[in-house]
Amino acid sequence: MDKPHPIAEVQSLSAGFGGRSVLEDINLDIHEGEILVVLGKSGCGKSTLLKHMVGLLKPSAGSVRLFGIDIFAADEPEMVEVLKKVGVLFQYGALLNSLYVHENVAIPLEQHTDVPPSVIRRLVEAKLGLVRLTGTGHLLPSELSGGMRKRAALARALALDPDILFADEPSAGLDPMTTAHQDDLLLELREDLGMTMVVVTHELASIHRIADRIAFLEDKKILFLGTVSDAKGCGVEIVEEFFRMGTFA
Amino acid sequence: MPARLVIEGDSAHIEGSLTFPDVRRVLAEFERALAVRTGSTLEVDLSGLTRIDSGGAALLDEVTERGRGRNVRVAYTGACDEVAEIRRIFSSGAGARVAERERAGLLQRCGVWGYHTWAGFLEFLQLTADTFYWSFAGLVSKRGGRKGAFVTQALLIGVDALPVVLTISFLVGAILALQSAAQLRQFGANIFVADLIAVSMAREMGPLMTAIILAGRSGSAIASEIATMTVTEEIDALKTMGINPVRYIVVPKFYAISLCMPLLSILATLVGILGGLIVAFLYLDLTPAVYTREAIEILTAKDIVTGLVKSVAFAGLICTIGAHYGFRVQGGAEGVGRTTTASVVAAIFAVVVADCFFSLIFYF
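Quick note, the sequences are listed as chains S and W, same order.
In this text, residue positions in the first sequence follow the working numbering: the first is 1, and each later residue adds one.
In this text, residue positions in the second sequence follow the working numbering: the first is 1001, and each later residue adds one.
One should not assume that every hint holds.
[As the list claims (entries may be wrong)] Rough simulated footprint, nothing fancy, chain W against chain S, three-plus residues with beta-carbon under 8 angstroms:
id: 1; segment: 114 to 126
id: 2; segment: 184 to 196
[Claimed, not checked] Pulled from the structure, derived: some chain W residues nowhere near chain S, Cβ distances all over 10 angstroms:
id: 3; residue: 1127
id: 4; residue: 1147
id: 5; residue: 1191
id: 6; residue: 1348
Simulated from the structure, these hints should not be mistaken for lab results.
For each residue, glycine too, the CB sits at the ideal point set by N, CA and C.
Model the full assembly from the supplied sequences, consistent with the hints where possible.
Set out below in structure tokens:
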């Protein structure tokens, strides 16, 4: 059977900050409907890779294609069309502090659709319900706990039913039950909407539950790319150690 | 294929793909159908739907809700498993509405405002007392302080502010001279420009302008630094390490501003008088020697002392108000911006009120 078409392609990507190289010659294809988990030690460049994949950072070399479009060569209207199909969950949520939670979730709906306000309100409550935050729309982000802020940010990332979701440590700060529920939600979204996901996480239990493939970053490169079961016996010491020991800090 | 709604009698069916771009149009079509069907049932066949997203699911819920409002029962049938599953995931439930924040009445809001203002005032007094206590205690024992903090703060508050303070004071002196020269020249009283500039700069404009500049520059820096430390839990971290945040953070700033403000104020006064001298020399034919002699003769020790006393008092106000607003911050980054602005406004207001108070004490 043919492999599904890659929805995101990272080609020979190198990146760094102020002359310090962080990523070198990264090649990665993400196929439609798959969940790819990016792993690695703290500071190895996972979040940097994610930010390059959504066009927030410009690489020193290489390219990123989303839906077949080179995002660093695309003009602004083209990029906006691409971004409408992309959801991003940031490491610290990145909710707008001056807006209520329901206003945060409604931003993409108000800006990119002509859906009437009554339906937007309904959608906002549905998305908040998905992440178990029903009834919190009237609160300010500063009135939420860290885990709740993260879930509200996930609701905002899911507002437009994106084709691909980039999530930077979605379970950080969540209790195990909420983490499990969130993993189930991600799987459900993949199952029913065919959503593709790139997830950065250290949570071993989550990785086992959701990952179709893992990409293990180490020393600026992808050390291992494959399934979790392959990773456990891949012969790469640090990868095997990760699955033996648990999680990196 | 975009969604197509076909309505025949009491039944309807939707075909195609019901997604975000279709929501507004299809909702309007449903609305028209519901408007002529009071007290009946509308059965909607979803078997023709090939695709639905959360926008479509919310639309169907909204139609049910609007039908209920018009006493029309809307029933959906024939949805394939995929469509039914997506409707289940994104169901917002009957009558789903984002919870509204309870809005307090006018009286309650006045009460809350009064309470918060009073509580804030008490906290300010407490912080001022703590700052004074730790400032004197810090002279006796270095324990609980931070090495080098005073020098760093003095450089930030004093040296870095020097160019702006001197430039503005020079201009203020020149402006005062220009404004007064036009009047005094008419009476042949040119020489009194020197008196006017010297007295007003030493008693009033020197300390006041310096205080206003430092309130905007250093007061905002104090408020934003402490507010950021508060929202990022750095203040809590200090407390849990057994370190008094007032002693550790506020007192070095208090020492620095209390020392720098009078020095800046003296320099501002001298530069303001210099600004007046240049105008007097260029427009009033006064020689620098005559102007200087007149300025020195008119100034009394009281003028200089009151200027210095005021500048020390302004320094204390700016520092404690900045710190007070910093510690009281609420919310995240948004709160830091808000509290910084509020602290600058409050500090300038307090400086002007205090100046008025000093004028009453010293000269009436």
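- Task: Tell me, in ascending order, the numbers of any earlier hints that this structure violates.
- Result: none
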